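Colleague: Given next are the chains, with one letter for each unit.
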Amino acid sequence: MPERLEVRKTYKLYLGGKFPRTESGRTYEVTDGRGRFLANAAWASRKDARDAVVAARGAFAGWSAATAYNRGQVLYRVAEVMEGRAAQFAEEVAAGEGLSAAKARAAVDAAVDRWVWYAGWTDKLASVLGGTNPVAGPFFDFSVPEPSGVVVVLAPQRSSLLGLVSVLAPVLATGCTAVVVSSHDRPLPAITLSEVLATSDVPGGVANLLTGDAGEIGPWLAEHDDVDGIDLAGCTGTAAMELERSAAGSLKRVLRAPAEESDWTADPGLSRMTPFLETKTVWHPIGV
Amino acid sequence: MMAGMTHVLDPTALGDLPGPPPRGTPDAFADVTRSDAAFRAFLHGLPGVDQVGAEARAAQLGTRSIKTTAKAWAIDTAISMVDLTTLEGADTPGKVRSLAAKARRPDPTDPGCPAVAAVCVYGDLAGVASDALAGTGIHTAAVATAFPSGRASREVKLADVRDAVANGADEIDMVIDRGAFLSGRYLDVFEEVVAVKEACGSAHLKVILETGELRTYDAVRRASWLAMLAGGDFIKTSTGKISPAATLPVCLVMLEAVRDFRAATGVQIGVKPAGGIKTTKDAVKHLVMINEVVGEDWLSPDWFRFGASSLLNDLLLQRQKLRTGHYSGPDHVSVD
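From first to last, the protein sequence lines stand for chains X and V. Here the first sequence is numbered in my numbering, starting from 1 and rising by one per residue. Here the second sequence is numbered in my numbering, starting from 1 and rising by one per residue.
Mixed in with the good hints, there may be bad ones.
Simulated crosslink set (EDC-like; lysine to aspartate or glutamate; CA at most 16 Å straight-line) [to be verified]:
id, chain 1, residue 1, chain 2, residue 2
1, V, Lys321, X, Asp226
2, V, Lys278, V, Asp336
3, X, Lys47, X, Glu223
4, V, Lys321, X, Glu223
5, V, Lys281, X, Glu23
6, X, Lys103, X, Asp263
7, V, Lys241, V, Glu213
8, X, Lys47, X, Asp32
9, X, Lys280, X, Glu146
Chain X side only, calculated, beta carbon under 7 Å to chain V, not exhaustive [claimed, not checked]:
id, residue
10, Glu223
11, His224
12, Asp226
13, Arg256
14, Glu260
Partner residues aside, some chain V positions facing chain X, computed with beta carbon under 10 Å [what the hints assert, rightly or not]:
id, residue
15, Gly62
16, Gln320
17, Lys321
18, Pro330
19, His332
I should point out that these hints are in silico values taken from the structure, not numbers from a laboratory. Nothing here was measured: the structure is a model prediction, and the numbers come from that model. Glycine included, every Cβ here is placed at the ideal spot set by N, Cα and C.
Please model the entire structure based on the sequences and the hints provided.
Modeller: Here you go:
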């Protein structure tokens, strides 16, 4: 019996519900903590980032207009499919982050739970963050949180699955669409998550995944006029400061970079959803 | 020119309009239209189009990479070639006026942005467009001859043309009778184009072949020659109402036709692809093809136009990207 040839994987990007090659044709090798080859990943260019924003913008109308209940159902379905691929996720997390099998499995479980938790928030946000306002006049006055648009997520560099889920799920739960730049050294869980998104009920373009170097494409996304918000979770130091400055040019909502990578196992609260919501307040005259 | 609107069903209301004598059929080809049989023999005697070759050539020309200063030039040239079009049943004078404002200053944030070539509307709104464009040098184009189907009697078509011209259109986009063309009544189609050209007076005539209904590249070549012989100043691919509209290979065949026609007669004819050209990349591919197939003589709004509506916004976004160094978004151009 001849030895079976290894099937070496070369992954692509996830844009607009499809898996295209990067426009630049570039790939890079992904290795585990000890330098052993895991797979080839696409090295996205600024033009892929541009295409991703177009895809996300195109999907925004439908996703933001979907009922909160429907969004919750779709996101819960994502968690279901993640659960089904838990073993693959655990293997990739273990290889990428150098964790034991048990710890990796715990991280995957936490990631699925986190996704379910955010799925539950979709139809509760409006009640918690909005409501009627007491006003001194014959008006019925109420405020509702609304999604702001296309959000760029620079995913955490170290926590490749739990960290990624903790920054992507809140964006989708609010009704925004996302362009995610994955961890450079540990992109495999993100790639598998994109396969999960493609095979659950998430409409194409709602979440788009770019693998590659956030330092290279981050600036293009930060100054892009058609991006409404940016989460700098995966950046640090002066790079993050530069991105904040670029983002100011088009008045983007910025979720600032932490001094060091957060502890993603902690209870996230609403802190990652509120930055990408806009509050709409309506004054409605009352008769008599 | 008569003031006011005239009823489209009363072709005599306008009388004869002044204008230069019709160019007529160039002498070299005067003979081919003497009879239906002679004309058919001539058109079917045109060399056949190598379909695979034409598509491969168009695809190959589409791979050229146009960057930096060349791209900036191409974008500005393409903007200046746009026939900014609105052909909806729901068009209003207000919409035409806002379109005219956009035609004059496509990018209000940048005075350096060139104006477009023309505004293209239905004939009844040509007056609104020409008033809004007075003194700007931007042309007013009107579609006529029972656009887009062309299914009306010749009297009605000619009245439609005279009405549009009387309303202020200085360019007329006519449709050929595809039914007659496809059933081989070439001389009928030819005579109709001649009659329309006469009715246009001094207005330029663009002849829409509706290539999506002609099926083969051979038919596109024949229709191109027919339109050029009959006195069309431009040959135009499509109405934009049916799919497929303008494609690169079709445009290639038409460019070859105008090139050959000038070589044979010395008369230069313009080309206007319309419909389906939505991105800057598409527009640049067309410019590359002009340069390679017919040469620089056609790289001007006088000889090449893009019939488009959404194309202009994409050109403006690309232009803003070049100017500012970062990507722009649809919130930074007007909604039309």
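Colleague: Compare the structure with each hint and give your call.
Modeller: To see whether the hints hold, each was checked on the structure:
no.: 1; hint: V:Lys321 with X:Asp226; verdict: 12 Å, holds
no.: 2; hint: V:Lys278 with V:Asp336; verdict: 14 Å, holds
no.: 3; hint: X:Lys47 with X:Glu223; verdict: 14 Å, holds
no.: 4; hint: V:Lys321 with X:Glu223; verdict: 11 Å, holds
no.: 5; hint: V:Lys281 with X:Glu23; verdict: 15 Å, holds
no.: 6; hint: X:Lys103 with X:Asp263; verdict: 15 Å, holds
no.: 7; hint: V:Lys241 with V:Glu213; verdict: 11 Å, holds
no.: 8; hint: X:Lys47 with X:Asp32; verdict: 28 Å, violated
no.: 9; hint: X:Lys280 with X:Glu146; verdict: 7 Å, holds
no.: 10; hint: Glu223; verdict: 4 Å, holds
no.: 11; hint: His224; verdict: 4 Å, holds
no.: 12; hint: Asp226; verdict: 3 Å, holds
no.: 13; hint: Arg256; verdict: 21 Å, violated
no.: 14; hint: Glu260; verdict: 30 Å, violated
no.: 15; hint: Gly62; verdict: 16 Å, violated
no.: 16; hint: Gln320; verdict: 8 Å, holds
no.: 17; hint: Lys321; verdict: 9 Å, holds
no.: 18; hint: Pro330; verdict: 7 Å, holds
no.: 19; hint: His332; verdict: 6 Å, holds
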